[in-house]
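Letter by letter, the sequence shown follows residues 17 to 341 of the working numbering.
Quick caveat, the hints were computed from the structure, so don't treat them as lab data. Everything numeric in this text was worked out from a predicted model, so none of it was measured. By construction, the Cβ of each residue, glycine as well, lies at the ideal position given by its N, Cα and C atoms. One should not assume that every hint holds.
[Stated by the list, open to error] Label pairs and their computed distance ranges (CB to CB):
#	residue 1	residue 2	range
1	A175	D101	20 to 26 Å
2	P235	A175	24 to 30 Å
3	T146	E293	36 to 42 Å
4	S226	H276	18 to 24 Å
5	R273	E293	28 to 34 Å
6	G115	G26	42 to 48 Å
7	T254	E293	17 to 23 Å
8	P86	E293	19 to 25 Å
9	A300	R273	19 to 25 Å
10	G59	D101	24 to 30 Å
11	G87	S187	27 to 33 Å
12	P207	E293	24 to 30 Å
13	D257	S226	38 to 44 Å
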Amino acid sequence: MTGPLHLPMGLMWNMPVPVACSLAVAAEGIAATCGQCPLDDAGQVQSPGDAQQQAVLIARMGQGVLAHLPGFEPALLTVYHDCADPAEVLEPLAAAFPGAALAPVPLPHFYYPGMRIEVDLYAIAASPRTTRHSAGPASLTLVEGGPLILCHLSGPDMASCLPLLSHIDESRLLMAQWFASDAPPSHIPDPDARVIPPRPGVTAVLTLASTPVCATTTPGGAILRQAGRFAWMSASGTSADLALAAHQAMDALALDRMPHLTPLKATTHYAGGPGPEDLHGNLAVRHARFPRPGPGSTGVPVTALAQATLAIDMLGVIDSPAASA
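Input sequences plus hints: build the corresponding full structure.
Written as structure tokens, this is what we have:
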């Protein structure tokens, strides 16, 4: 593969509104999907209300994506769900992707009636090597083998998770998504974007680079972290109007002023309701400002964010080595 590979939306399913994202993007030995949803080619929810069957459908979708990415193997799945017991959705995914780490993230609700699950799939162009650490009830899984180390940290509370952070070299922390009521004392590059989960527990999806990370800002003032050809940006909006909050975050990311960056994956968490209006309103703003072809994109409603109403983080690749200087 000589450059980024974009799989088009509509290849296996579709959204009910126009989007400017890709089904998946692969570059530099890593691939990321958009949020895989249990929708059909017309954007209608399949098996409404049946979380386990929707997980089976999404497992097939993920396998279909990988069939279009020869040489890539599943490494980590972020599993957004609204189930009281996550095993309901994790079991079909574990059976389909036995070598991948699963990071369940509870949501208060989704945005289409009857939808119970959405999954981000990360894959690497190598065989994943998994290491697991535990400290009492908390656990940490590291997936190596690719250009980045993908990590999943979980536990019943922050105190139980803290000893495991010693296994994560903070100088190489490229990106982080935290779902926790309490703030961790370290390893959180964007405190404003911490998601407040709907029930007790801690989940974090952390990504380590192979070299130390350089922390600066984008031309619009958003967080920018770089290591080699990989970059991660994070920005938030505080307006109660989610479309305006999306404009605030996209202004800070300033993608149009970073022509040497190819976005691979954009993740948006927003404090919104259970209907489609909040999603569609902020999605239209975000996708109108993505470069073409767009990144894999995920947007999900959350209970609250630490200091924002909407937060976007984006993993990308620097196209020109000179641009990373």
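Okay, the hints, checked on the actual structure:
The beta-carbon spacing between A175 and D101, approximately 24 Å, falls within the hinted interval of 20 to 26 Å. Between P235 and A175 the CB atoms are about 39 Å apart, so this pair departs from the stated range of 24 to 30 Å. Between T146 and E293 the C-beta distance comes to about 40 Å, which sits within the given range of 36 to 42 Å. Our hint of 18 to 24 Å for S226 and H276 holds, since their Cβ atoms are close to 20 Å apart.
Separation of R273 from E293 is about 31 Å and conforms to the stated range, judged on CB atoms against 28 to 34 Å. For the hinted restraint 42 to 48 Å between G115 and G26, the CB-CB distance of approximately 29 Å leaves it violated. Between T254 and E293 the C-beta distance comes to about 20 Å, which sits within the given range of 17 to 23 Å. Judged by the Cβ atoms, the range 19 to 25 Å given for P86 and E293 is violated: they are separated by roughly 40 Å.
For the pair A300 and R273, the beta carbons lie near 22 Å from each other, so the given range of 19 to 25 Å is met. At about 28 Å, the CB distance of G59 to D101 agrees with the hint of 24 to 30 Å. Taking 27 to 33 Å as the suggested C-beta distance range, the pair G87 and S187 conforms, at roughly 30 Å. For P207 and E293, the hinted distance range of 24 to 30 Å is satisfied, since their beta carbons lie about 29 Å from each other.
About 41 Å separates the C-beta atoms of D257 and S226, a value consistent with the hinted range of 38 to 44 Å.
Hints 2, 6 and 8 from the list above are not met by this structure, while the remaining hints are.
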